[in-house]
Amino acid sequence: MSLSRHVDPEEIIHHLKDIKLQEKGSGSQRQNHLTPYNSSYASQEDIPKYKIPENGTPGDTVYAMLRDELDLDGRPNLNMASFVNTYIEKDAQKLFVENLGKNLSDNDEYPAMISFSDRCVSILAHLWGVQKGEKAIGTATVGSSEAVHLGGLAMKRRWQEKRRAEGKDAYKPNIIMGANAQVALEKFARYFDVEARILPVSAQSNYCLDPALVKENLDENTIGVFVILGSTYTGHYEPVEEIHKILDDFESQTGIDIPIHVDAASGGFVAPFTYAKTGGHKWNFELPRVKSINVSGHKYGLVTPGVGWIVWRDESFLPKHLIFELHYLGGTEYSYTLNFSRPGAQVIVQYYNLIHLGFQGYRAVVENCLSNARLLSKALEATGWYTCVSDIHRPPQKQAGSVKSGSSGYDGENDQSCCSESQNDDQKAESEESKTHASSSSLSSSKDTPETDRNREETSADYTPGLPVVSFRFTDEFQQEYPHVKQETVSLLMRARQWIIPNYALPPNEDQTEILRVVIRESFSFDLIDRLVTDLVSVTETLMENDEVDLSLLQQHQGGRRRPLTKDEKRIEKEEREREERKGEERGEEKGKRMGEGIHRSVC
Amino acid sequence: MVHLTIIPKEDEIRDGLDIPLTGALKAVHLQLANDEDRFTTSVYGSKFAAADLPRHEMPDEEMPKEVAYRMIKDELSLDGNPLLNLASFVTTYMEEEAEKLMTESLPKNFIDYEEYPQTADIQNRCVSMIGRLFNAPVKDAEASSAVGTSSVGSSEAIMLGVLAMKKRWKNKRIAEGKPADKPNLIMSSAVQVCWEKATRYFEVEEKFVYCTPDRYVIDPKETVDLVDENTIGICCILGTTYTGEYEDVKAVNDLLVERGLDTPIHVDAASGGFVAPFVVPDLEWDFRLKNVVSINVSGHKYGLVYPGVGWVVWRSAEYLPQELVFNINYLGADQASFTLNFSKGASQVIGQYYQLIRLGKHGYRAIMSNLTRTADYLAESLAALGFIIMSQKSGQGLPLVAFRLKEDPDRTYDEFALAHQLRVRGWIVPAYTMAPKTEGLKMLRIVVREDFSRNRCDGLISDIRSCQGILEQMDKETVKKQQEFIHKHHVVSGKASHNHPKYHKEKHSLQGKTGKTHSIC
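Chains as they are written, first to last, in UniProt numbering: chain A, 1 to 604; chain B, 1 to 521.
Excised from the complex, chain B in its bound form:
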């Protein structure tokens, strides 16, 4: 999370330590070296190693670069091990050649089209490839071509999609002489938080299709029933973050067509966009469906690029109102841009192009097939351990496994306790409370990424088994204590200092209202 930070006041600043230790130290006469000024020994012999790093105010004096590097690197070793993080979809592995390319492109500013024309061209190629992957209409000579752009991630892509839908609806309403002040957007209650953000920040009313204890995706009929004249669009998720299930875009589309409605559909394919076309190419969810007007996908999830790239494609320029597009005149060339961010790094786009042509359809299919196999294997093993599997198997959803414990009145622990216990072994397996109106259903989720091989999968299964064993021997009280201890000492967010009293327990979001926890993506 790029989160809000409180700036500590004078009296809140302590010297790095939460508990003052210095008073407790005995005053021993020490003969310590005192060459304080220059750095001649190794990094750890310098005066900087004996002092705290500046935290709140900029230091007056410089620090040698080797020291700054080492100090920061050492501190970063406290970050988790990405390989053991089974909570996130975000890519943690890329080939060395790709890393080299990305490093070489670090200083390139992506927005600077005139200076880096080749980088801009590479973006266009990626858009074209991804558009075609989603079956953007290219055969029809009459229709204007599909358009698309890169973004920092799916959040930006979704905001752009919502803005376009809103503006298009507004223009239409105003042309018809009708009021245009109460737009609404229909979405599943399992949406990622950025959908809530988009509607909040752009002042669109959110209409939820709630999940039920046995249905974790939207119900097409219920969705279409919600459509009214103020509906700017419908959001369908290709791979919900909870269970990875694909929502039935085709059914929604067909119902709309049947009722003669032209409500646009935006498909949030953040994770699924790079999985479904390779694993289940026959599934119709993309521009093959008439009402799907825009699709977003994260390059940094199953697009296999490091964080910082997403894509959004519109069926045709008609769905992207002109007044949202800004032109920047630069050295005689008008540059059209539709983005919330401006200057940003170019590396990720280059990384995306590298992956697309390096792997080809064949390579992506090979990787996605392996992931699907691993996920199926993991699901079967967990079912054998007595868990209830909530996610779909065999490519009917994302390669992830969502599961929960069997109902058992004698059980002393819940999913959250198991998640905490696994944390001690180093695995990050998150537990969530499901979307609202599912009666507080709790679940665990394991995301199978490119670097999660069968071997590591076996390691995880045996650790889950042993953690369960430990928990089963405890009574309720001990489980609670144990969980608190782990939360305090093993889990980072338990120690977080940036939690803010003013914004605590907000009541305006789905989470605030219903206790749904947002799954990480």
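So here's chain A without its partners, still in its complex pose:
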């Protein structure tokens, strides 16, 4: 949420007074309330923005004013930038509205709702392979950020307790994560005073946490490793099992036991359901080092924003010192959360989804998403202008090399000519598939023509596992041929057609590469893919046809829709910019490398 500043309204109001036709209150509108629009706010008075108004306004008027103003917000479904789910079924919505006023922290008042929360935790733990004999424990959170903080804090406290028991100092904890980590992971480190060891990514590591670097950064002060199941940049799963092995080796050499927290914000509801799983590698509680896993209910859990989950494999991994016990009318409550009072309707919808969809229902949804994502990837590559950095449309790598070499995937395909048709591409995919068909399921056996290739016969198991994310960029040929065309402009022009497709640099050290990213969600069906591809092609064609001078105009327009700044804001902004620059100069830092300062590029 954005930090906001008090805006000095004097100036604006002064300006409004100049253009006002009539003194306010001189008409009879206040009394005559025929329609919601029949109030003085309709034409003569500005809607209160900075100060609470002295007098109230009828509810239907306020409703109409706010609804109309909210029309300026984007359309949730065309927002390809976000993983956050935007559609829930009517019945789920009904449940949501009926329970809007329920407080999840009020255990005594809303026992039925609380028991749903318990059941969801239980269901998730089983879904993630909780082992026999272990007492798993978990809680609902507002989202994955809170869950990551709780998971990290538990690791920190366990480490502190262990160090103190050994009579060693516990002042310099550090935690390991890849540079592709979501902002919440770094926030945890900053807010809870843990040194963040953010490891650079590379094409070889699929722009994810690099196991080789993990090895170099381990020491006795490492409280744990954050492994991300489903990088938000390219949708690749980080190799949990491989990192697990490295930590095993480290322990056998040094005797230091380092746990893993899996941030499965998006992947926790994808990997278990897909036919592809995680490509034969383990990632969940089957691995003993994985002590906790978090997931966002509001991503592929198919709930609207406001719910996340965290599960620890056993209660012994949750230090007692962090838990607060609350007595209430003789009943007892255990609480380990950062938020207290909060809405519970999302939890109800989560339970609705779990039992309404069942395993098969969730599988159908994610398989559809993945199939659509593959379609989009192939269509994009078929243009010859774009190449995908994500891999879900490529056949899985052979088991021989444990880390797949990311570059070989797309560099080879850059040779394609500009005008190849999509059929061409299908055949290509087909042939590649038959080469590496070893691990596919029986469902995808009979394919004769390129057409049947699209006829639901294949599943995600025929392809590299990953999130339904398509990250793409201009091919090298395209960049050579049209050096003046900036990828950012594609994002800008798509926005003019209401699509939101962000363009940003990959995490360091790959930040010279920029990607456009499209997240395929449940509500983004075949038809919309079709529209999206058509629009992308026409936008790219427009760019190719125009020369540098024309396009330079567009560059000035960046930033999308913004309200004009008031004089005061402009002054503040300028001051801040200057201050920043001065600071930067003092420290002698180069601009652009701002990740360490907390500039994160991806939104999830």
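Read the hints as simulated data drawn from the structure, not as lab findings. All C-beta atoms in this analysis are idealised placements derived from N, C-alpha and C, irrespective of residue type, glycine included. A portion of the hints provided could be inaccurate.
[As the list claims (entries may be wrong)] Which bits of chain A does chain B cover? Going by a derived footprint, with three or more residues having C-beta under 8 Å, they are:
id	segment
1	76-82
2	98-105
3	318-324
4	341-354
5	381-387
Start from chain A and add chain B according to the hints.
Structure of chain B alone, referenced to chain A:
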């Protein structure tokens, strides 16, 4: 409570019932319909109505949406009636138009500033309005402007406040070349549990100012005496959750000024922030006081919005160290954010703006005045029934009534027994043990919310009277038995299955150490 859940092991899972009943049923030859597959009759004719809902593992197959809806709705009917819950400050009523707006905004992700710019703008307006309501300095052109943000609730807001105070103190200490490893925070022992959480999780030592049997708020002098070089700040509560009294922020501030200390004060106005400015506008507790650097308030209490929104405002950007603020670069715009949560629903913020402009100062004042009147009336009636009133009247505190029974050696029942007895009538009136060092003082608390009208107040008073009548006729033994029975069969937490042996009877919190019970908020 968003609480910890134990995942039952295989042998602990029974089919929904605690006592196996099936064995006791007689085997009668029944001719039952057996169209098991598809759902063609009403919801209750489907096979799902005859089976238990999945509890521990995800079902393999789908369930029709009508059935899932109805099953869940029916189960939720076991939840309490919010109107009769006098324990909680959290809003349970909003106008239909507000509900409609909130429903329409359900899929909006609040954090997605670029996609939902208008929602973000609406948040800014709310911050501005609330900041001004708290007299944030806006006149002074020289000082940098106040900043604020929305949160999920006061807990998050308080954690953000504590983090900011800690970081600012640390930066100062390090700049002075002094050690910065033993921060402490001064607060009343009547604080809400999230203050304890904040200090625990962010590793700050807690220094308590204890309440006494006749003082339920902090003592300004004692508070200021506790200040040392390692004090990151002082917490003052505008409306303690026990008795609703406002702590004397002005006295604390004046003492600090008198002694030349610049210790920052954070005012926890979770409940009082939307009451005091309307009922007692002359009370100085906010940014009018020099040392008050940050204030939090819950939108979902007297801000009159459904759960899920809180606010925190800092006097100026200076009190919010830059390294805590993260920027997210998104489509070319840097978005500054200071929050513990990331993605969350946008509805509540929109609901807050609706209420602010719908009601205006006039509307809020009208509602808060009514609540104050109802609370005064209730307090007087209870005093007439022979209770000792512990809360303040006439706007000197939150609109709640805290009371206890008169000392009487012949009395056979205590406050907890009365609370349990009222439960049978449907009312949730909680009983608490007061903050430590008040000699185990017990009390009952009734929160007067927007939807608690005079008529219902009369109903409650007569029920209290009749419950007392029942209890007076019982001897000690019967009272105890009765209380146990009610606890087991009427009170939900008595039946709770999620109580965890490992975390039971923790000793690290104020509650574990002193037996203070946390009041619900």
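Now for the hints, and whether the structure bears them out:
| no. | hint | in the structure |
| --- | --- | --- |
| 1 | 76-82 | holds (count 4) |
| 2 | 98-105 | holds (count 8) |
| 3 | 318-324 | holds (count 6) |
| 4 | 341-354 | holds (count 9) |
| 5 | 381-387 | violated (count 0) |
In the structure shown, a violation is registered for the earlier hint numbered 5 alone.
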